[in-house]
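Trainee: Each chain, written out:
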Amino acid sequence: MTDILMPALSPTMEEGTLAKWNVKIGDVVKSGDVIAEIETDKATMEVEAVDEGIVDAILVPAGTAGVKVNTAIARLRGEDEAAAPAAAPAKAEAPASPAVPAPAAAKPVAAPAPVAAKADGASRVFASPLARRIADEKQVSLSGITGSGPHGRIVKADVENAKSAPAPAAAAPAAAAPPKPAATAASGQIPMIEQMGIPAGSYDLVPLDAMKKVIARRMTGSFRDVPHFPLTIDLEIDRLLDARGRINAALEKQGVKVSVNDIVIKAVALALKAVPDANASYTPEGIAMHHHADVAVAVAIDGGLITPIVRAAEGRTLADISKTMKDLAERARTRKLKAEEFQGGTFSVSNLGMMGIKSFNSIINEPQGCILSVGVGEKRPVVRGDQLAIATVMTVTLTCDHRVVDGAIGARWLQAFKGFIEDPVTMLA
Amino acid sequence: MALDFDLIVIGSGPGGYVAAIRAAQLGLKTAIVERELLGGVCLNWGCIPTKALLKSGEVFEQLSHLGDYGLGVEKPSFDFEKIVARSRGVAKQLNQGVAYLMKKHKIEVIEGEARLEKGSPSPKVVVALKAGGARTVQAKSVILATGARAKVIPAIGLAPDGDRIWTYREALTPKACPKSLLVVGSGAIGVEFASFYRALGSDVTVIEALDRILPVEDEEVSKAAQKAFEKRGLKFRIGAKVTKLAATKSGVKIDLESGGKSEVLTAERAIVAVGIDGNVENLGLETLGVKLDRGHVVIDSHCATGVAGLYAIGDVAGAPWLAHKASHEAIHCVEHIAGVAGPDIAAPIPGCTYAQPQIASVGLTEAFAKKAGHEVKVGRFPFRVNGKAIASGELEGFVKTVFDAKTGQLLGAHMIGGEVTEMIQGFALAMTMETTEAELMATVFPHPTMSEAMHESVLDAYGRVLHL
Numbered sequence: 001m002t003d004i005l006m007p008a009l010s011p012t013m014e015e016g017t018l019a020k021w022n023v024k025i026g027d028v029v030k031s032g033d034v035i036a037e038i039e040t041d042k043a044t045m046e047v048e049a050v051d052e053g054i055v056d057a058i059l060v061p062a063g064t065a066g067v068k069v070n071t072a073i074a075r076l077r078g079e080d081e082a083a084a085p086a087a088a089p090a091k092a093e094a095p096a097s098p099a100v101p102a103p104a105a106a107k108p109v110a111a112p113a114p115v116a117a118k119a120d121g122a123s124r125v126f127a128s129p130l131a132r133r134i135a136d137e138k139q140v141s142l143s144g145i146t147g148s149g150p151h152g153r154i155v156k157a158d159v160e161n162a163k164s165a166p167a168p169a170a171a172a173p174a175a176a177a178p179p180k181p182a183a184t185a186a187s188g189q190i191p192m193i194e195q196m197g198i199p200a201g202s203y204d205l206v207p208l209d210a211m212k213k214v215i216a217r218r219m220t221g222s223f224r225d226v227p228h229f230p231l232t233i234d235l236e237i238d239r240l241l242d243a244r245g246r247i248n249a250a251l252e253k254q255g256v257k258v259s260v261n262d263i264v265i266k267a268v269a270l271a272l273k274a275v276p277d278a279n280a281s282y283t284p285e286g287i288a289m290h291h292h293a294d295v296a297v298a299v300a301i302d303g304g305l306i307t308p309i310v311r312a313a314e315g316r317t318l319a320d321i322s323k324t325m326k327d328l329a330e331r332a333r334t335r336k337l338k339a340e341e342f343q344g345g346t347f348s349v350s351n352l353g354m355m356g357i358k359s360f361n362s363i364i365n366e367p368q369g370c371i372l373s374v375g376v377g378e379k380r381p382v383v384r385g386d387q388l389a390i391a392t393v394m395t396v397t398l399t400c401d402h403r404v405v406d407g408a409i410g411a412r413w414l415q416a417f418k419g420f421i422e423d424p425v426t427m428l429a
Numbered sequence: 430m431a432l433d434f435d436l437i438v439i440g441s442g443p444g445g446y447v448a449a450i451r452a453a454q455l456g457l458k459t460a461i462v463e464r465e466l467l468g469g470v471c472l473n474w475g476c477i478p479t480k481a482l483l484k485s486g487e488v489f490e491q492l493s494h495l496g497d498y499g500l501g502v503e504k505p506s507f508d509f510e511k512i513v514a515r516s517r518g519v520a521k522q523l524n525q526g527v528a529y530l531m532k533k534h535k536i537e538v539i540e541g542e543a544r545l546e547k548g549s550p551s552p553k554v555v556v557a558l559k560a561g562g563a564r565t566v567q568a569k570s571v572i573l574a575t576g577a578r579a580k581v582i583p584a585i586g587l588a589p590d591g592d593r594i595w596t597y598r599e600a601l602t603p604k605a606c607p608k609s610l611l612v613v614g615s616g617a618i619g620v621e622f623a624s625f626y627r628a629l630g631s632d633v634t635v636i637e638a639l640d641r642i643l644p645v646e647d648e649e650v651s652k653a654a655q656k657a658f659e660k661r662g663l664k665f666r667i668g669a670k671v672t673k674l675a676a677t678k679s680g681v682k683i684d685l686e687s688g689g690k691s692e693v694l695t696a697e698r699a700i701v702a703v704g705i706d707g708n709v710e711n712l713g714l715e716t717l718g719v720k721l722d723r724g725h726v727v728i729d730s731h732c733a734t735g736v737a738g739l740y741a742i743g744d745v746a747g748a749p750w751l752a753h754k755a756s757h758e759a760i761h762c763v764e765h766i767a768g769v770a771g772p773d774i775a776a777p778i779p780g781c782t783y784a785q786p787q788i789a790s791v792g793l794t795e796a797f798a799k800k801a802g803h804e805v806k807v808g809r810f811p812f813r814v815n816g817k818a819i820a821s822g823e824l825e826g827f828v829k830t831v832f833d834a835k836t837g838q839l840l841g842a843h844m845i846g847g848e849v850t851e852m853i854q855g856f857a858l859a860m861t862m863e864t865t866e867a868e869l870m871a872t873v874f875p876h877p878t879m880s881e882a883m884h885e886s887v888l889d890a891y892g893r894v895l896h897l
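If you're matching them up, the sequences are chains U and C in order. 1 is the number of the first residue of the first sequence in this note's numbering; add one for each residue after it. 430 is the number of the first residue of the second sequence in this note's numbering; add one for each residue after it.
Only chain U is shown next, with the shape it has when bound in the complex:
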C-alpha cells in the first residue's frame, strides 16, 4: 500500500481544500494521471499521481477544507495486493451503500501530530498537548479551530466543541458541496466582537477563507515587523500619454493596447536596473540583490487580491508586457494562476488610479524591498518658471523597507523612475 499525501503546491503552502476527486475507489492510476484538484489560498491546481496502482481508499473526501500538507489523502495498492478489509474503511460509519463509492470512508485529516507541531515556524498552531492528543484521536484538524486559551491557544474544550460541530468527516457523501469553513461559531465562546460590545444579531459573520487568512497574516506581519517609510513624488505624464497614443496606433494591428500601467511596469523595471540597490530583499543572512526586475502587480479579484508577476520585465517590450499582464490578470480572476506566477516577485506595483485615488501608501509585500503606489493621472495646475500652467500629473508613493532601502536610495530610484515616465523616449536608451 502507498499513501498519497497532500502535496505542497508552492513553497509557502500550509494547507488547502481538497476540491475534487477525479478518481474513485478501484480505479487504476498511472504515474502522471490527474487524480484530484486542490484549492490553495490563491489558486486551484491539479494533483498528479506519482506512483501507480489501484485506488484502495479515499481518506479525505472532496470538499474538505484545511487539509494540511503531507496528510494522507488516499491510498493506492499494487495490482497484486488484496483490497483492504472492508472493516477498515467503514470505520467512520459510512452511511454509504456500495453504490456511493468515493468519499464514504471519510477518515479525514489524520495529520500526525508531530507534523502539525513541527511545521515551519510561520504556520505553528498553538495548542495544548492535551488538545493535540484529543484532536489526533478524534481526527479533528487543529488548523480550523479557534483557540479560546491565552493568545488564542487551542485548549481541550475547543477541540471537544469543534468535534461536535459538523466536522469534515460528517460531510455528506454527496461531496460536491462547497468546502465548509472550519467551525468557529460552534465553539461555545462569546465571539471576540461581542466581547468588544457589538451585540449579537447585529452583524453577519463571513468565515475567513484561505486567501483572507493569508492576507491578514502577511499584511499584519509586514506592517508590524518591517520598518517602512513612504516617499512621494509628482510626475507629469503628458508626454507619456502622447507616446502611448502613438504606440497603440502602431500596435493596433496586433490587437495590443498598452495601458499606462504597462508603461509604469516597464519604467519600474528600468529604474530597478538603473538603481539596483532598490531591487533587494532583507534576509537575516544578508541582503539579497536580485538579478532581474520581477515586477509583481496587484490585481483585485473577488474576495481579495493577488499579485501576478511580470518576470524580467526589464528586457521585455511594451507589447510583451501588455499581453503578459492581460493574460495573468485574466487567469488571476478565475484563480487559475500557477504558484510560480504569483510568488517570488522582487518589487510590487499597486495602482488605484483608475478608482480616482490621488495618492496612498501600500504595505510592503515581504520579502520585497519596495512597493510603488500609483495614483490617478489628472490635470493639475503646475508652476513653470513664474507661470501657472496645466499639466497631467500623477502622484506616486514608494514605500521602502528601511533595512534595505534608505531614504537616499529610494529617492534616487524615484528620480530614475520619474525620468523614464516624464520622458518615455529615454526608455529606449
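There could be a bad hint or two in this list.
To be verified - A few chain U positions that, by computed beta-carbon distances, are all more than 10 Å from chain C:
# : residue
1 : Asp3
2 : Gly32
3 : Val50
4 : Ile193
5 : Arg331
Said to hold, decoys possible - Simulated pairs of lysine to any residue, SDA-like, Cα-Cα distance not exceeding 20 Å:
#  : chain 1 : residue 1 : chain 2 : residue 2
6  : C       : Lys664    : C       : Ser691
7  : U       : Lys138    : C       : His803
8  : C       : Lys480    : C       : Gln854
9  : U       : Lys156    : C       : Ala776
10 : U       : Lys156    : C       : Pro777
11 : U       : Lys138    : C       : Ala867
12 : C       : Lys547    : C       : Gly713
13 : C       : Lys678    : C       : Cys606
14 : C       : Lys569    : U       : Met196
In case anyone wonders, no lab produced these hints; they're calculated from the structure. Where is the CB? At the ideal position from N, CA and C, for every residue including glycine.
Based on these hints, arrange chain C on the given structure of chain U.
Mentor: Chain C alone, transformed into the frame defined by chain U:
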C-alpha cells in the same frame, strides 16, 4: 448623580484587595471598604498567623528529634505568649503591607461597614463609617468580597462561649496552651490547629462526623494522614456525631454518638471547625434580590450576581474557601468588568493543609475521577525511597497522580509529606497548561529534591517507575 468611582470593592481580604489592585492597574478609579483590618481574615486571622504558629510548633517538634541528626539541646522549652506574639507581629506586618499597596495604587480605603441600596448602574454603597457618620458612594460596578466566618451550630453548643469553646479566631490568641483540647471537624482548619497544639504537648482529640479525616482529600491521603497524626499522639473519633458540646466548671464536655453507641469526652478547651458560612448578612442583599444558596451568594462564570453592576468573589460566593481562589476570581471578575480578556476561571485550584506532615492536592481524587466516568491510570511514589527525603529525615508520605487512561490528561495530584505545599503548583501548572503524561515524563526534575517523587509518580502511572 455623578458616579464617585468606577469600582467599589467591599471587603479587603485576598479577594477584595487583589480586585482593587487589578482594577487600579487597568485604570479604574477604585475604592475599597473595610470594616475591620485591611487584608481580611486571611492575613489577620487565617492563613498567615496560623502558619506562624505552625512554624513554631514544627520547630519545637523537631527539637525532640534532634538526636536523629546528631544534635542535642539541654531541655527544649517554649514561651507560649511569645509564640502568639510572633504570630500577631507577622499578621501586623502584612496588614501594613496591604495598606501600602492601596496607597501605591491610589485606591481609596473607606473604613466602615457597607450596606447596599438599590441603584443604577450599580447598587449604592452606604458606609457606616468607623469614624462616625455615614457616607454614600456609587460606582459603575460593585464587587462583594466580604468573606466568611466559622460556621456555628448553637443548638448543640457548637459556638464560641467567650471562654472555653473557640473558633479559629479565639484559637489564634489564647493566653496559654491548653493541656487538653477537643477539635470538632477534621478539615484543613481543624487539622492545622490540632497539629499545632499537639506539637506543643497538648492532649488533642479530633472529632469527625464523616468516615475519614480530611474528607475532601483522596482516601489514601486521608488514611496516611491519620496514621501520621496518630504517630504524633493525636487521637481521633471518626464517624462520630456531636450531640452536645458544653462548658463545665473545669473545662468542656462533649457528647458523641457513633455507630449507635454514645460516648462522653472532656477536655480543657474545644475548637469548633465544622465549616464556613459566607458573610451575607446586613448588606441589604435581600432588598436587592441577590440570590443566595446555603449561606453564599450565587454567581455566574464571571462572578456576576444577576443584580445589575453587582459581583461577588471569594468565600462569600461559595466553596472552595481558599484565599487563592478568591484572588483568582478577583482578577477574572475585574478583567471582565474592564472588558479585557481574562484568565480561564475554570483553572484547577490547589488546596493545602499545613499540618505535620503537610498535605497538598489539586484536581480530582481517584474516587471522584472514576465517578466522573474516567478510566484512570494511577501512579504513586513514596518519599521513603527518595534520596533527598532520606537525607532530610522526611520519610513520611507519598505523591499520587491520577491520569485519564485515554487522553493522558492529568486529572488530579495528591501529596502528603514534607514541604508538599511548595510542590503542588508544579502539578497545578501542568493541569492549567493541559500537559499530558508525556510532557511530565519529559520534564527534568532536579536531583536531589523531594520533587523527584512527583516525576516518579507520573512514571509509575505508566509502569515506568525507576526507583521502586
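Trainee: Quick one: work out the minimum CB distance from Asp3 (chain U) to chain C and report holds if it exceeds 10 Å, violated otherwise.
Mentor: At about 25 Å from chain C, Asp3 (chain U) clears the 10 Å cut-off, so the statement holds.
Trainee: Lys547 (chain C) and Gly713 (chain C): Cα distance at most 20 Å?
Mentor: Holds. Lys547 (chain C) to Gly713 (chain C) sits at ~9 Å (cutoff 20 Å).
Trainee: Run the distance test for Lys569 (chain C) versus Met196 (chain U): straight-line Cα separation, threshold 20 Å.
Mentor: 18 Å, holds
Trainee: Just checking, Ile193 (chain U) versus chain C, shortest CB gap more than 10 Å?
Mentor: Per Cβ check, Ile193 (chain U) is outside 10 Å of chain C; nearest 13 Å; holds.
Trainee: Please verify whether Lys664 (chain C) and Ser691 (chain C) have alpha carbons no more than 20 Å apart.
Mentor: 17 Å, holds
Trainee: Compare the distance between the alpha carbons of Lys138 (chain U) and Ala867 (chain C) with 20 Å, and conclude whether the hinted pair is satisfied.
Mentor: Judged against 20 Å, a Cα distance of about 19 Å means the pair holds.
Trainee: Is it the case that Val50 (chain U) keeps its Cβ farther than 10 Å from each residue Cβ in chain C?
Mentor: 34 Å, holds
Trainee: Is Lys156 (chain U) within 20 Å of Pro777 (chain C), Cα to Cα?
Mentor: 14 Å, holds
Trainee: Mind verifying the non-interface call on Gly32 (chain U)? Its CB should be farther than 10 Å from each CB in chain C.
Mentor: The assertion about Gly32 (chain U) holds, with a minimum of 42 Å to chain C.
Trainee: Would the hint linking Lys156 (chain U) and Ala776 (chain C) be met if the CA-CA limit is 20 Å?
Mentor: Given pair Lys156 (chain U), Ala776 (chain C) holds - Cα atoms ~13 Å apart, limit 20 Å.
Trainee: Is the nearest CB of chain C more than 10 Å from the CB of Arg331 (chain U)?
Mentor: Non-interface label stands for Arg331 (chain U): nearest chain C Cβ at 43 Å, farther than 10 Å.
Trainee: Is the straight-line distance between the alpha-carbon of Lys480 (chain C) and that of Gln854 (chain C) 20 Å or less?
Mentor: Roughly 18 Å separates the two Cα atoms, so the pair holds.
The structure meets every hint from the earlier list without exception.
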